[in-house]
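Can you build the whole structure from these sequences, using the hints too?
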Amino acid sequence: MKHAITALIVSLLASASLQAQSTLRIRGSDTLGAKLIPSLAESFKKTGGKVSFDIAAEGSSTAFTNLASGTAEIGMSSRKVKADEKTLCRSKGIDLNEIELAWDMITVVANKNNPVADLSKKQIMQIFAGDITDWSEVGGTPGPISVYTRNTSSGTYKDFMTMAMKGREYGKNSQKMAGNEQIASEVGSNANGIGYIGYAYAGAKGVKIVSIGGSAPNPAAVKDYVLSRPVFLYTNGQPAGNVKAFVDFCLSPAGNAVIAKGGFVAVK
Amino acid sequence: MPEASSTPPGTLGSKILRRGRRTVLGMDPQKLIKNFFGANSSIAIIVLVLIMVFLLREGAGFLSTYHHELETYRKAGLEFCDIADTPLKQQQTMASSLRRALSIEMEPLVKTARERRDAAFLFKRAHDEKNSEGTAAFDASTLFTSEEKNQLKAELAALTPESTDLPATLQKLAAEFATKDREAKTKFKTIIEAEETFEEAAEPVAEILDELKTHATETKEAANEFHTLEAGRQQLLAAAASATGSEKADLLKEAELSKVEEPKYAERVETLLEKREDLVKALGDYVTAVEEAAKSLQSSSTHPEAAQLIASVEKAIPTHLADIQKASKDLTAWKWDEPVSFFRAVSSFAFGTGWITNSSWQDFYGVLPLLTGSLLISFVALFIATPISVTAAIYTNQFASEREKELIKPVIEFIQAIPSVVLGFIGIAVVGDLIKGFSQWEFLSWIPGFPIQERLNIFNAGFLLAFMAVPTMFSLSEDALNNVPRAYSEASDALGATKLQTVFRVIVPAAISGILSAILLGLGRVIGETMVVLLVAGNRIAIPDFSDGLGAIFQPAHTLTGIIAQELGEVSRGSSHWQALFMVGILLFVISLSVNWCARTIAKRFEHPKA
Chain A
1471 MKHAITALIV
1481 SLLASASLQA
1491 QSTLRIRGSD
1501 TLGAKLIPSL
1511 AESFKKTGGK
1521 VSFDIAAEGS
1531 STAFTNLASG
1541 TAEIGMSSRK
1551 VKADEKTLCR
1561 SKGIDLNEIE
1571 LAWDMITVVA
1581 NKNNPVADLS
1591 KKQIMQIFAG
1601 DITDWSEVGG
1611 TPGPISVYTR
1621 NTSSGTYKDF
1631 MTMAMKGREY
1641 GKNSQKMAGN
1651 EQIASEVGSN
1661 ANGIGYIGYA
1671 YAGAKGVKIV
1681 SIGGSAPNPA
1691 AVKDYVLSRP
1701 VFLYTNGQPA
1711 GNVKAFVDFC
1721 LSPAGNAVIA
1731 KGGFVAVK
Chain B
7 MPEASSTPPG
17 TLGSKILRRG
27 RRTVLGMDPQ
37 KLIKNFFGAN
47 SSIAIIVLVL
57 IMVFLLREGA
67 GFLSTYHHEL
77 ETYRKAGLEF
87 CDIADTPLKQ
97 QQTMASSLRR
107 ALSIEMEPLV
117 KTARERRDAA
127 FLFKRAHDEK
137 NSEGTAAFDA
147 STLFTSEEKN
157 QLKAELAALT
167 PESTDLPATL
177 QKLAAEFATK
187 DREAKTKFKT
197 IIEAEETFEE
207 AAEPVAEILD
217 ELKTHATETK
227 EAANEFHTLE
237 AGRQQLLAAA
247 ASATGSEKAD
257 LLKEAELSKV
267 EEPKYAERVE
277 TLLEKREDLV
287 KALGDYVTAV
297 EEAAKSLQSS
307 STHPEAAQLI
317 ASVEKAIPTH
327 LADIQKASKD
337 LTAWKWDEPV
347 SFFRAVSSFA
357 FGTGWITNSS
367 WQDFYGVLPL
377 LTGSLLISFV
387 ALFIATPISV
397 TAAIYTNQFA
407 SEREKELIKP
417 VIEFIQAIPS
427 VVLGFIGIAV
437 VGDLIKGFSQ
447 WEFLSWIPGF
457 PIQERLNIFN
467 AGFLLAFMAV
477 PTMFSLSEDA
487 LNNVPRAYSE
497 ASDALGATKL
507 QTVFRVIVPA
517 AISGILSAIL
527 LGLGRVIGET
537 MVVLLVAGNR
547 IAIPDFSDGL
557 GAIFQPAHTL
567 TGIIAQELGE
577 VSRGSSHWQA
587 LFMVGILLFV
597 ISLSVNWCAR
607 TIAKRFEHPK
617 A
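Protein sequence lines correspond, in order, to chains A and B.
Under this note's numbering, the very last position in the first sequence is 1738; numbers go up by exactly one each time.
Under this note's numbering, the very last position in the second sequence is 617; numbers go up by exactly one each time.
Bear in mind the hints are in silico, worked out from the structure with no lab data behind them.
Check the hints yourself; a few may be wrong.
Here are the simulated lysine-lysine pairs, DSBU-like style, with alpha carbons at most 30 Å apart [what the hints assert, rightly or not]: (1) 1731/A - 1675/A; (2) 1550/A - 1738/A; (3) 1675/A - 1693/A; (4) 1693/A - 1731/A; (5) 155/B - 1582/A; (6) 186/B - 1678/A; (7) 1592/A - 1550/A; (8) 1505/A - 1550/A; (9) 1505/A - 1731/A; (10) 281/B - 1636/A; (11) 191/B - 301/B; (12) 1552/A - 1505/A; (13) 117/B - 1592/A; (14) 335/B - 270/B; (15) 95/B - 335/B; (16) 1642/A - 1550/A; (17) 1675/A - 155/B; (18) 1675/A - 136/B; (19) 1678/A - 117/B; (20) 191/B - 1591/A; (21) 178/B - 1582/A; (22) 301/B - 321/B; (23) 117/B - 1591/A; (24) 1636/A - 332/B; (25) 130/B - 159/B; (26) 1550/A - 1515/A; (27) 1582/A - 130/B; (28) 321/B - 1642/A; (29) 193/B - 321/B; (30) 1591/A - 130/B; (31) 335/B - 1636/A; (32) 191/B - 1582/A; (33) 130/B - 1675/A; (34) 130/B - 1678/A; (35) 1552/A - 1693/A.
Derived, one-sided and incomplete: chain B residues facing chain A with beta-carbon distance under 8 Å [unchecked claim]: (36) 124; (37) 127; (38) 230; (39) 362; (40) 364.
Even for Gly, the Cβ is constructed at its ideal location relative to N, Cα and C.
Written out as structure tokens, the structure is:
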């Protein structure tokens, strides 16, 4: 009986000391949080950081709601913060600090067997807004166009709307998928599919990149591509402690190497 | 009864055992135990009431918030812009039909050239990826002569990784197609010109509207900022009123810092109203231009489908122009300070056809597309599940041998144990492709909606939900059949009926109320299912196009449950979006409650006396 109690106390203390290792909660974008941030976290842990990571990627909008309610230390966002989100954070006493992490290229993808390989910017706007509904209208084989987009919590959704569609709403026949992988898999299996994903996912099976007015995404010349956008990390005030260590790691050459390998372009 | 050895009267033991009829804690122990069980059962009722209260509390603020948003929509001038913008959107559909008609007309002229170009490009890709299927298809294709095939293969073999130009044959084929395309386009000049006139006619209107829209959006952002910060400031002032000393000074200072001016709506709207005349004039010019273009559109096309498309555009033009005229009148009559009735907020939630959130223009919370999606999926699921579960129940209860019963019942009830997310995964990975594959078969093309376009659709979700509903409906139907008094079947036998006659003319009608309530409970189960529909229903927020009749069930849709699951992560607590989602939750709750209540009423009304 005495041994049992001692063992119990020892195990409780051990688990308590484990909890003392701090957790960094990161919430936000699926484009960043599905592959890039976890690999940065792994590399960070290998350099000796004694932090455990809790990463959930449900869309860039969740970064700001979590920062505002205090349930995250770092928010990852693939778009800039909106005015009403800034107001919300300000009203909850959070001072948003923006850190530019990398550049991403939003790639428009179509099915591999689709003969259309290039679309003008206007045609892309018309396709995603629902004005053009048939592939024959843009020089492909006749067939109705199936448009796949992200859902409303995604930063990529918002960025694409602003950059490629001049702020117009998506057509009501678009289907809202949960993440980059789902869009890639649907476009890859539907000969009439078209969608947009981050450059890191453009190597998926069955999809091919569609160039926009002749300009194709090229990591060596990020700023030349039409749909390049910076991706950000947001913190509450200037980063300190573990948050500062992680953010510094991401912006260091070692972090930049991981970013490049992940399909993004590091900020020079 | 033998006396227990060591419980003299007056001890605790005797008290607990009620020896000598003494009481414990002033109460009869039996009553104590009864009250304990009663309390446990009322906990369930209390929790249900608490859930309803919580839902109502979070969602009840929605109607007034939405009403305020609709007022801002009007005061900031966004409604003004939309009056002109909405009819213009129809123009895009017409232009799209014209483009399609054009390509159908041109098809016979450019088909060969295009197919050759496409086949050559596909072969190049197959060659690059070392895909033997693609190469074999090219070898078997009849579009090229054998010299052309050999030449292309030789060129591809000669390609080095540094060469950026396409092989000569591919360039030639692409140029061939371009020439044919140009030739064909000169033949159909009238249609091309009509389509171009459409697009150009709308441009002056669009220019004016763009300016007005930017201005209106700025007003709206200022109004929202004022609203949020003002609410916070009032809270700070209230806190300061009850604080003292330095804390009070701090709070008052913060309140001062977050003071923001309310935008002057009258002034801001002036800018819009100044442009009103220009806008109305531009719309008038648009109407004239479109009428001109319509005159030159002749349906002189030979191809029936193209002729049909052009005829539909010709038919749609008068309605479109009438809409634009009405829009001009509405623009002239628009007043920025006309009050928005509360009923408008309610009706635009309950009957609105667009659920648009996170928009840079204006959020609309219309629940109709989600409701139709949920109902369609539920009905498809019921339609598939009812025959299966009811006939299985009749067989198991009446015709099956003991061994068969021992096999069928546990297996069907085991289906309930499958997690819904696993079923959703099977739907994405297997069922979608299966259904799409079936729909490509030639001899099934008479089914409306085949070949299907999307593999994630209503039917896919309904099919999986039917699978989930079968165990519930099966168990309840089987219980209902079991509860039919034996006297009925014995009497029927005595009158000389065969087994089949007894089952279908006596027992099933007697159990019909139980079977109906089983079906309704299956419906209640299916309407509330989230994970499967989120993964598999396709997530398109639009009322399905019923022009195909029943084929509409092969289109994607979104549901009440799916939208809550999908959007709850991004909403900030207390915002209008948050409250809208809770309203959707209340709607779901009400639907489930009413379905369950119906089921119970039906079961009670047709209850037969227990023999």
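Now for the hints, and whether the structure bears them out:
The hinted pair formed by residue 1731/A and residue 1675/A meets the criterion: a straight-line CA distance of about 19 Å does not exceed 30 Å. Only pairs whose Cα atoms come within 30 Å are accepted, and residue 1550/A paired with residue 1738/A is accepted, the gap being roughly 19 Å. For a cut-off of 30 Å, the pair hint linking residue 1675/A to residue 1693/A stands: about 27 Å separates their Cα positions. Note on residue 1693/A and residue 1731/A: the hinted pairing holds, with a Cα-Cα distance of about 19 Å set against a maximum of 30 Å.
Restraint check for residue 155/B and residue 1582/A: the C-alpha separation of about 22 Å stays at or below 30 Å, so the hint holds. Distance check on the hinted pair: residue 186/B and residue 1678/A sit about 27 Å apart at the alpha-carbon level, within 30 Å; holds. The suggested pairing of residue 1592/A with residue 1550/A holds, with an alpha-carbon distance near 24 Å, which does not exceed 30 Å. The straight-line distance between the Cα atoms of residue 1505/A and residue 1550/A is roughly 20 Å, inside the 30 Å bound, and the hint therefore holds.
This hinted pair checks out: residue 1505/A and residue 1731/A have alpha carbons roughly 11 Å apart, not beyond 30 Å. The straight-line distance between the Cα atoms of residue 281/B and residue 1636/A is roughly 22 Å, inside the 30 Å bound, and the hint therefore holds. Between the alpha carbons of residue 191/B and residue 301/B the distance comes to roughly 20 Å, so the proposed pair stays at or under 30 Å and holds. Between residue 1552/A and residue 1505/A the CA atoms are separated by roughly 25 Å; this keeps the pair inside 30 Å, and the hint holds.
With a C-alpha separation of about 26 Å, the suggested pairing of residue 117/B with residue 1592/A holds against the 30 Å cut-off. Distance hint between residue 335/B and residue 270/B is fulfilled; the C-alpha atoms sit about 26 Å from each other, no more than 30 Å. About 18 Å separates the Cα atoms of residue 95/B and residue 335/B, which keeps this hinted pair within 30 Å; it holds. In summary, the hint linking residue 1642/A to residue 1550/A is supported, as the alpha carbons are separated by about 25 Å, within the 30 Å threshold.
Of the pairs offered as hints, the one joining residue 1675/A and residue 155/B holds, with about 28 Å between alpha carbons and a cut-off of 30 Å not exceeded. With a C-alpha separation of about 15 Å, the suggested pairing of residue 1675/A with residue 136/B holds against the 30 Å cut-off. At roughly 24 Å between alpha-carbon atoms, residue 1678/A and residue 117/B fall within 30 Å of each other, so this suggested pair holds. For the suggested pair residue 191/B and residue 1591/A, the alpha carbons sit about 23 Å apart, so the restraint of at most 30 Å is met.
Between residue 178/B and residue 1582/A the CA atoms are separated by roughly 22 Å; this keeps the pair inside 30 Å, and the hint holds. For the hint pairing residue 301/B with residue 321/B, the CA-to-CA distance comes to about 12 Å; that is within 30 Å, so the pair holds. For the hint pairing residue 117/B with residue 1591/A, the CA-to-CA distance comes to about 26 Å; that is within 30 Å, so the pair holds. Among the hinted pairs, residue 1636/A with residue 332/B is consistent with the structure: their alpha-carbon atoms are about 27 Å apart, no more than 30 Å.
For the hint linking residue 130/B to residue 159/B, the alpha-carbon distance of about 9 Å falls within 30 Å, and the restraint holds. Straight-line distance between C-alpha atoms of residue 1550/A and residue 1515/A comes to about 28 Å, which keeps the hinted pair within the 30 Å bound. With a C-alpha separation of about 12 Å, the suggested pairing of residue 1582/A with residue 130/B holds against the 30 Å cut-off. At most 30 Å may separate the alpha-carbon atoms for a hinted pair to count; residue 321/B and residue 1642/A meet this at roughly 24 Å.
In summary, the hint linking residue 193/B to residue 321/B is supported, as the alpha carbons are separated by about 24 Å, within the 30 Å threshold. Taking the CA atoms of residue 1591/A and residue 130/B, the gap is about 26 Å. The hint holds against a cut of 30 Å. At roughly 28 Å between alpha-carbon atoms, residue 335/B and residue 1636/A fall within 30 Å of each other, so this suggested pair holds. Among the hinted pairs, residue 191/B with residue 1582/A is consistent with the structure: their alpha-carbon atoms are about 28 Å apart, no more than 30 Å.
Distance hint between residue 130/B and residue 1675/A is fulfilled; the C-alpha atoms sit about 17 Å from each other, no more than 30 Å. At roughly 14 Å between alpha-carbon atoms, residue 130/B and residue 1678/A fall within 30 Å of each other, so this suggested pair holds. A threshold of 30 Å between alpha carbons decides the hint, and for residue 1552/A with residue 1693/A the separation of about 23 Å falls inside it, so the pair holds. Of the supplied interface hints, the one on residue 124/B holds, with its beta-carbon coming within about 4 Å of a beta-carbon of chain A, less than 8 Å.
Among the interface hints, the one on residue 127/B holds; its C-beta lies about 6 Å from the nearest C-beta in chain A, closer than the 8 Å criterion. For residue 230/B, the interface hint holds, the least distance from its beta-carbon to any beta-carbon of chain A being 6 Å, beneath 8 Å. Here the hint on residue 362/B is kept, as its CB sits about 6 Å from the closest CB of chain A, short of 8 Å. Below 8 Å, beta-carbon pairs count as interface contacts, and residue 364/B has one with chain A at about 4 Å; its hint therefore holds.
Of the numbered hints listed earlier, not one is contradicted by the structure.
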